[in-house]
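**Student:** So the chains spell out like this:
Number of protein chains: 2
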Amino acid sequence: MIQWQNLDTLEAYKKLQSLKNLVSVKEELSGSQGAQRVKNYSVPMAAGLTYNYAAKEVNPQVLAILQELADEAQVTEKFQELYNGAVINTGENRKVLHHLLRGQLGNDVLFEEKNERDFYKAQIDAIADFAHKVHKREICNAAGEPFTAVVQIGIGGSDLGPRAMYLALEQWARTNNCLKMKAAFISNVDPDDGATVIANTDLAHTLFILVSKSGTTQETLANELFVKDYIKKAGLNPACHMVAVTSETSPLANNPEYLASFYIDDFIGGRYSSTSAVGGAVLSLAFGPEVFKDFLAGAHEADITAKEKTITHNPSLLDALIGLYERNIQGYPTTAILPYSQALSRLPAHLQQADMESNGKHVNCRGEKVDYVTGPIIFGEPGTNGQHSFYQLLHQGTDIVPLQFIGFKNNQNGNDIVVDGSTSQKKLCANLAAQIVAFACGKRDDNPNKNFTGGRPSSLIYGEQLTPKTLGALLAHFENKIMFQGFLWNLNSFDQEGVQLGKLLTKQVLAHKTEGALKEFSDIFEI
Amino acid sequence: MIQWQNLDTLEAYKKLQSLKNLVSVKEELSGSQGAQRVKNYSVPMAAGLTYNYAAKEVNPQVLAILQELADEAQVTEKFQELYNGAVINTGENRKVLHHLLRGQLGNDVLFEEKNERDFYKAQIDAIADFAHKVHKREICNAAGEPFTAVVQIGIGGSDLGPRAMYLALEQWARTNNCLKMKAAFISNVDPDDGATVIANTDLAHTLFILVSKSGTTQETLANELFVKDYIKKAGLNPACHMVAVTSETSPLANNPEYLASFYIDDFIGGRYSSTSAVGGAVLSLAFGPEVFKDFLAGAHEADITAKEKTITHNPSLLDALIGLYERNIQGYPTTAILPYSQALSRLPAHLQQADMESNGKHVNCRGEKVDYVTGPIIFGEPGTNGQHSFYQLLHQGTDIVPLQFIGFKNNQNGNDIVVDGSTSQKKLCANLAAQIVAFACGKRDDNPNKNFTGGRPSSLIYGEQLTPKTLGALLAHFENKIMFQGFLWNLNSFDQEGVQLGKLLTKQVLAHKTEGALKEFSDIFEI
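The listed protein sequences correspond, in order, to chains C and X.
Under my numbering, the first sequence is numbered contiguously, ending at residue 527.
Under my numbering, the second sequence is numbered contiguously, ending at residue 1527.
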């Protein structure tokens, strides 16, 4: 029987509290024993990736209690409940089924007699068919000319994840001769966003993908009409240039204004929708459906490892537990995501949503206030760029920021150049290796301004190359990490009530039904 | 006589510590008195901007002590020392002269008989002359064809600021018919960064700007050769396609491999170089030198307001003091930058460097360890995008994050569309107004999951439109805010010793002179 208990009621959590500041990564990683630790504190992930936590503030004692915590909190049992179709999103009375988008992990999940896995698979197949026809020029514009570019209109989960995934694979696809259509994205209700994208778009040869699960997203509907206005002014018919991704119950569904429509349902949260039709349409059109299938395969492989009860066999769970230890025991309020891969430039922005919108909560899954801190602030930029920016504070600031490094042995484009005896890719990796040790071990200097105290923990996810499959595994790793942390904090990680008040007040402002400070701020902008 | 004293030795700071949690923004901003507070807590900035701090946790009592603190810490006197040429960057024995890039604030500043203002102005004039010639097609490629695009190669301050400023004005320039050359940027040593930019570049008609003050930046030199390789393979002569921005003592100076060279010197820190030749070359080529001059004029106007001793006449100082109160008294470790303008999409990344690299320090300007927290973590994304991402945590998470909103009455592109009775621009502004009040005042609900406690402080910078002049004022506002906070924390905000250890260890890795953990991490990547 599954118990949904607050973190601070668990026996293992009480034990964990006595283990604050137990491990010095500086001591553990310095000297000759450091090499052995790097070898030992390493766990295989899906798709050939590896999770290394040698530079984290853990040791066998901490890890044993973290295993106890995972067991006591029944996190893998909760995951099983989730993928078997329980209503985990209690606040909205919804199942949570994004794992089914990429494979079957447990029982068939039915909703109103619909087999959910079959439904999701049928959508991906329909997208594949559509994308093939576009690529084979069976679907063309009204003049019979091919579509050469795709622009996604969506915001939040309909933007950040798909955009990050597109950027992650654009150069890989170029190298592998499967960049079939370049993609761009319009998200912000600021009309300058759409105008800038349109200024760089060949409208006659562009397919637009309108993405809104509810079909009522203010920004997306405004941007749809903004774009349609340009399409019409160019003498084109918007219905020949736009497809929709939405739910079957939305006003956008089955609408002749769209060339085609693809569907998700209420059990796919926006921030978990990159592997659904929301990411599937743009990625299949850009790179081909086969690439999207490899991406799903990588994600599914990571989902399977997330079923393991033993934390050293389950890197998502291990990562989640170490993050919880850092947040609730060590008291670190932020985490930085630092991919040493320019292709992952927007992964931190996607994870910022995935993590902060899922676990930035102060009530548990029963709606009761909790008495411990939950989700941290997530931020980050790719390395080496960040080294020339905010790393100063990470190395020598007054606060400690846990770090998540990501790196690959090989880059995506075939070209590189040797300067001073090394390629750029080797320089990139050398910087990454150096940073881990610099943060952990520091360096004594009699001049305090040049002294590095070290003791700044990090973990490293690494692999051979960022490909569709490793990208899928990477994405699912973080999705599952966030899910496990939500279970440990006893949160509902799948609603987002915190966004509602702003929407309500915005409506009041636009209806001119305001008073007090809100009226005054509205008047500033002459709304 | 100026005293460089630690924050915790100041009398006013001791008084401030007794004022923790004194002001409830929820109470102050709710009800009918809220409107008056919005009117009262407002200060004019340069270039027609306004700083509103009605939703900050201050009242006349707190503000009075903050004024005492500013006076006791002699921050405007220190600013005067700085712009009159004192060696404020003590660790590197350097003056700090970025204010001179945009105007004369005090005495003439001489260095080795060179008038620094004249030197900086001569560089801007040389850039203007060069840009005019490129625009008039007097400077062309070897085939006599015009240059139509510009690509900046640089990292850190040679990338983030110029890139953020370019993006801030691209749509404005398009609307005002002065987008003369589109710009792109290569920064990361990851060869996929350069490869992706080059794949989208018409090499024959592109000017590259190589930017490195020292002329020794590893990433930038590797990227220079990476790009030159492509240029040569295209049958072109790199010397006809590349200009340099560097210091006169660098290996890049006076080098016939460049079509032209423009100079800065050691008194311009990378993160403060957007108004120097580092930003000037790319912005003058992209938009015309007149636009860059307006940008400088806005920055200079903001610098002049920063001379005011009275904090309500000096918005940069007021902003700095409130930030310090939030960091050191209220105990908030992070700050979010939230521009409601897609054009400012990379301003948060630039301010992340400007702030965290300047004030992420644990030693004072004499190199002694301080016993209080210094610079916060800075992060952010444009609104309304962020609303659909991490705002859930900002509204309902367990930690409080102070917020810096930025917004404009009018957008940059001429087009907009009315949907449901309002334009997209009005929707954008309505969302901004609504968020300020939602964060501050919250909303009671018997369901704790739908309850918003409020009490989440924010400030607002607003104006008519984001233009070259308002952008300059905005940039200088933040530069001066960071400077004042550095004075208050008694830091040297102008060095960055925290980046050195990583560089050293990277060299060891590339030279295969490693052992222990560093060797192990190097082996992972087969370096």
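What the hints contain is simulated information worked out from the structure, not anything from laboratory work.
Among the hints, erroneous ones may be present.
Listed next, the in silico BS3-like pairs over lysine-lysine satisfying Cα-Cα at most 30 angstroms (straight line) [what the hints assert, rightly or not]: (1) C:Lys232 to X:Lys1426; (2) X:Lys1233 to C:Lys182; (3) C:Lys180 to C:Lys293; (4) C:Lys20 to X:Lys1426.
Just the calculated beta-carbon pair ranges, DEER-fashion [to be verified]: (5) C:Leu225 to X:Gly1031: 50 to 56 angstroms; (6) C:Lys15 to X:Arg1366: 29 to 35 angstroms; (7) X:Ala1064 to C:Glu515: 28 to 34 angstroms; (8) C:Lys513 to X:Pro1044: 25 to 31 angstroms; (9) C:Cys178 to X:Lys1507: 34 to 40 angstroms; (10) X:Glu1027 to C:Cys178: 58 to 64 angstroms; (11) C:Ser247 to X:Gly1414: 33 to 39 angstroms; (12) C:Asn21 to X:Glu1011: 54 to 60 angstroms; (13) C:Asn59 to X:Asp1229: 46 to 52 angstroms; (14) X:Glu1138 to C:Cys178: 40 to 46 angstroms; (15) C:Pro60 to X:Lys1309: 38 to 44 angstroms; (16) X:Glu1248 to C:Lys136: 36 to 42 angstroms; (17) X:Ser1024 to C:Lys20: 44 to 50 angstroms; (18) X:Glu1011 to C:Ser24: 35 to 41 angstroms.
From the derived model, a few chain C residues whose C-beta atoms are all more than 10 angstroms from chain X [claimed, not checked]: (19) Ala12; (20) Gly34; (21) Lys78; (22) Asp193; (23) Ala199; (24) Thr201; (25) Ile304; (26) Val373; (27) Thr398.
By construction, the Cβ of each residue, glycine as well, lies at the ideal position given by its N, Cα and C atoms.
**Student:** Hey, does Asp193 of chain C actually stay past 10 angstroms from chain X on C-beta?
**Tutor:** 4 angstroms, violated
**Student:** Mind checking the hinted window 35 to 41 angstroms against the Cβ distance between Glu1011 of chain X and Ser24 of chain C?
**Tutor:** 38 angstroms, holds
**Student:** Quick check: does the Cβ-Cβ distance between Ser247 of chain C and Gly1414 of chain X fall within 33 to 39 angstroms?
**Tutor:** Since the Cβ atoms of Ser247 of chain C and Gly1414 of chain X sit about 35 angstroms apart, the hinted range of 33 to 39 angstroms holds.
**Student:** Is it correct that the beta-carbon of Ile304 of chain C has no partner in chain X closer than or equal to 10 angstroms?
**Tutor:** Given a closest Cβ separation of 24 angstroms, the condition holds.
**Student:** Using the Cβ atoms, figure out if Lys15 of chain C sits within 29 to 35 angstroms of Arg1366 of chain X.
**Tutor:** Because 44 angstroms falls outside the window, the suggested range is violated.
**Student:** Taking the CB of Asn59 of chain C and the CB of Asp1229 of chain X, does the distance hold inside 46 to 52 angstroms?
**Tutor:** 48 angstroms, holds
**Student:** A range of 40 to 46 angstroms was offered for this pair. Does it hold for the Cβ distance of Glu1138 of chain X and Cys178 of chain C?
**Tutor:** For Cys178 of chain C against Glu1138 of chain X, whose Cβ atoms are near 43 angstroms apart, the range 40 to 46 angstroms holds.
**Student:** Beyond 10 angstroms from chain X, beta-carbon-wise, is Lys78 of chain C?
**Tutor:** 19 angstroms, holds
**Student:** Given a hinted range of 58 to 64 angstroms, is it respected by the beta-carbon distance of Glu1027 of chain X and Cys178 of chain C?
**Tutor:** 59 angstroms, holds
**Student:** Find the nearest Cβ of chain X to the Cβ of Gly34 of chain C and say whether that gap is larger than 10 angstroms.
**Tutor:** Nearest chain X Cβ is 3 angstroms from Gly34 of chain C, so the label is violated.
**Student:** Need the status of pair Lys232 of chain C, Lys1426 of chain X: alpha-carbon distance at most 30 angstroms?
**Tutor:** 23 angstroms, holds
**Student:** Between the alpha carbons of Lys1233 of chain X and Lys182 of chain C, is the straight-line distance 30 angstroms or under?
**Tutor:** Satisfied, since the Cα-Cα distance of roughly 25 angstroms is no more than 30 angstroms.
In the structure shown, a violation is registered for the earlier hints numbered 4, 5, 6, 12, 15, 16, 17, 20, 22, 23, 26, 27, in ascending order.
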